[in-house]
Amino acid sequence: MMRGGKMKRRSWRDLSPGQRLAVSLSASAEIALTTLAVVDLMRRPRERVRGPKALWWAALFVQPVGPIAYFWKGRRGATGP
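Residues in the sequence shown are numbered consecutively from 1, following the UniProt record's numbering.
A portion of the hints provided could be inaccurate.
As the list claims (entries may be wrong) - Just the calculated beta-carbon pair ranges, DEER-fashion:
#1 10 with 35: 26 to 34 Å
#2 62 with 6: 27 to 35 Å
#3 57 with 24: 38 to 46 Å
#4 62 with 14: 40 to 48 Å
#5 24 with 77: 27 to 35 Å
#6 51 with 24: 15 to 23 Å
To be verified - Straight-line Cα separation of at most 25 Å, SDA-like style, residue types lysine to any residue; simulated pairs:
#7 73 with 21
#8 8 with 40
#9 53 with 24
#10 53 with 64
#11 53 with 43
#12 6 with 25
#13 73 with 49
#14 8 with 21
#15 8 with 42
#16 8 with 53
#17 73 with 29
#18 73 with 63
#19 53 with 71
#20 6 with 30
#21 6 with 28
#22 73 with 8
#23 53 with 69
#24 6 with 29
#25 73 with 30
#26 53 with 21
What the hints contain is simulated information worked out from the structure, not anything from laboratory work.
Owing to the predicted nature of the structure, the values given are computational and were not obtained by experimental measurement.
Glycine included, C-beta positions come from ideal geometry on N, C-alpha and C.
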């Protein structure tokens, strides 16, 4: 969608129903994952978090990789290092 050499910004109405569904599902998943990570980090003792908690707080707001990285590498299990 070119107009005068510039890309025209698409609005929500311009998206197909499938595209709207994909955007809605992606946004919902991102919000849910971030919320779960925030709650987990608040409740988890410092000794069960790899690295400084302040670093993980900052990382949680780098979407979408922050929450994924926290669940993958940031948490220590109850029995493991």
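These are the hints, each one checked on the structure:
1. Between residue 10 and residue 35 the beta carbons are some 28 Å apart, a value that agrees with the proposed interval 26 to 34 Å.
2. Between residue 62 and residue 6, the C-beta spacing of about 29 Å keeps the proposed range 27 to 35 Å intact.
3. For the pair residue 57 and residue 24, the supplied restraint of 38 to 46 Å is violated, since their beta-carbon distance comes to about 27 Å.
4. Distance hint check for residue 62 and residue 14: the Cβ-Cβ separation is about 29 Å, which falls outside the suggested range of 40 to 48 Å.
5. The hinted range of 27 to 35 Å is satisfied by residue 24 and residue 77, whose Cβ atoms lie roughly 34 Å apart.
6. Evaluation of the 15 to 23 Å hint for residue 51 and residue 24 yields a failure: the beta carbon distance comes to about 33 Å.
7. With a CA separation close to 30 Å, the supplied pair residue 73 and residue 21 exceeds the 25 Å bound.
8. Between residue 8 and residue 40, the direct Cα distance comes to roughly 41 Å. Violation of the 25 Å bound is thereby established for this hinted pair.
9. Of the pairs offered as hints, the one joining residue 53 and residue 24 is violated, with about 30 Å between alpha carbons and a cut-off of 25 Å exceeded.
10. Pair hint residue 53 plus residue 64 holds up; C-alpha atoms about 18 Å apart against a cutoff of 25 Å.
11. Taking the CA atoms of residue 53 and residue 43, the gap is about 11 Å. The hint holds against a cut of 25 Å.
12. Between residue 6 and residue 25, the direct Cα distance comes to roughly 29 Å. Violation of the 25 Å bound is thereby established for this hinted pair.
13. Note on residue 73 and residue 49: the hinted pairing holds, with a Cα-Cα distance of about 9 Å set against a maximum of 25 Å.
14. A C-alpha spacing of about 22 Å is found between residue 8 and residue 21, which places the hinted pair at or below 25 Å, so the restraint holds.
15. A threshold of 25 Å between alpha carbons decides the hint, and for residue 8 with residue 42 the separation of about 42 Å lies outside it, so the pair is violated.
16. A threshold of 25 Å between alpha carbons decides the hint, and for residue 8 with residue 53 the separation of about 42 Å lies outside it, so the pair is violated.
17. Note on residue 73 and residue 29: the hinted pairing holds, with a Cα-Cα distance of about 19 Å set against a maximum of 25 Å.
18. Pair hint residue 73 plus residue 63 holds up; C-alpha atoms about 16 Å apart against a cutoff of 25 Å.
19. Distance check on the hinted pair: residue 53 and residue 71 sit about 13 Å apart at the alpha-carbon level, within 25 Å; holds.
20. Of the supplied pair hints, the one linking residue 6 and residue 30 is violated, its CA atoms being roughly 30 Å apart against a limit of 25 Å.
21. Proposed proximity of residue 6 and residue 28 is contradicted: the alpha carbons are some 31 Å apart, above 25 Å.
22. The suggested pairing of residue 73 with residue 8 is violated, with an alpha-carbon distance near 40 Å, which exceeds 25 Å.
23. Between residue 53 and residue 69 the alpha-carbon distance is near 13 Å, which keeps this suggested pair within the 25 Å criterion.
24. For the given pair, residue 6 sits about 32 Å from residue 29 by alpha-carbon distance, which is inconsistent with the 25 Å threshold.
25. At most 25 Å may separate the alpha-carbon atoms for a hinted pair to count; residue 73 and residue 30 meet this at roughly 18 Å.
26. With a C-alpha separation of about 35 Å, the suggested pairing of residue 53 with residue 21 is violated against the 25 Å cut-off.
Against the hints set out earlier in the document, violations occur for numbers 3, 4, 6, 7, 8, 9, 12, 15, 16, 20, 21, 22, 24, 26.
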